[in-house]
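Q: Chains as they are written, first to last, in this note's numbering: chain L, 10 to 123; chain W, 1056 to 1172.
No lab work stands behind these hints: they were computed from the structure. Each residue gets a CB set at the ideal place from its N, CA and C atoms; glycine is no exception. Don't take each hint at face value.
Said to hold, decoys possible - One-sided and incomplete, this derived list gives chain W residues near chain L with beta-carbon spacing under 7 Å:
#, residue
1, Y1088
2, R1098
3, Q1099
4, M1100
5, R1105
6, K1159
7, L1160
8, F1162
9, K1164
10, G1165
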Amino acid sequence: SAVISQKPSRDICQRGTSLTIQCQVDSQVTMMFWYRQQPGQSLTLIATANQGSEATYESGFVIDKFPISRPNLTFSTLTVSNMSPEDSSIYLCSVEGLVSDTQYFGPGTRLTVL
Amino acid sequence: AQTVTQSQPEMSVQEAETVTLSCTYDTSESDYYLFWYKQPPSRQMILVIRQEAYKQQNATENRFSVNFQKAAKSFSLKISDSQLGDAAMYFCAYRSPHTGANSKLTFGKGITLSVRP
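Pulled out of the complex, with its shape left as it was, chain L reads as follows (with noise of 0.2 Å):
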């Protein structure tokens, strides 16, 4: 499986602001998907990040408040921007490995706003 890392592991930002996650892969992929965990709950999908093309959103995520890029095929970043306490979240990118079909995970970004 691919080696996934994902800066900041953690981070506490006050409402108003922006964050930038970084998202880095040891080895090329096509799709990269970045999903959010709210407290407590399962993993919602925000956007899918192909290389080369902008970023597609799922309902109720917007290119204005979740910008994603992708430069490459090895690394992504997502900002949450003008932040509120409900991001509190943990968020979490994936990519699809050699084994094609199976997605896998970094090790997430828990971000807590104030």
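Model the placement of chain W on the given structure of chain L, informed by the hints.
A: Structure of chain W alone, referenced to chain L:
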């Protein structure tokens, strides 16, 4: 749209015993993939087991096995010889056979498994 249901929020098992976690799903597709992921308190999502719907044989990974009933749309996970390290939240997930943005995972709500020493 596909849905995944995990109706048991919590379960407990004695160390060395066997436990079964339930999952049902709803889909109109004939081919798809099903997964169980484990999320310990460290929050890392770890793949436990993978099942391809077109394969009738149930997947097995060491102490973990599934009971895949396609007609009933049921996908339960059996953990044998439970260990303290198995304590975690377990998520059942569905993936359609499509590519690109349609290859997203749909997760159930998860079940918290505790292991009693």
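Q: Output the indices of the hints that this structure fails to meet, ascending.
A: Violated hints: none; all satisfied.
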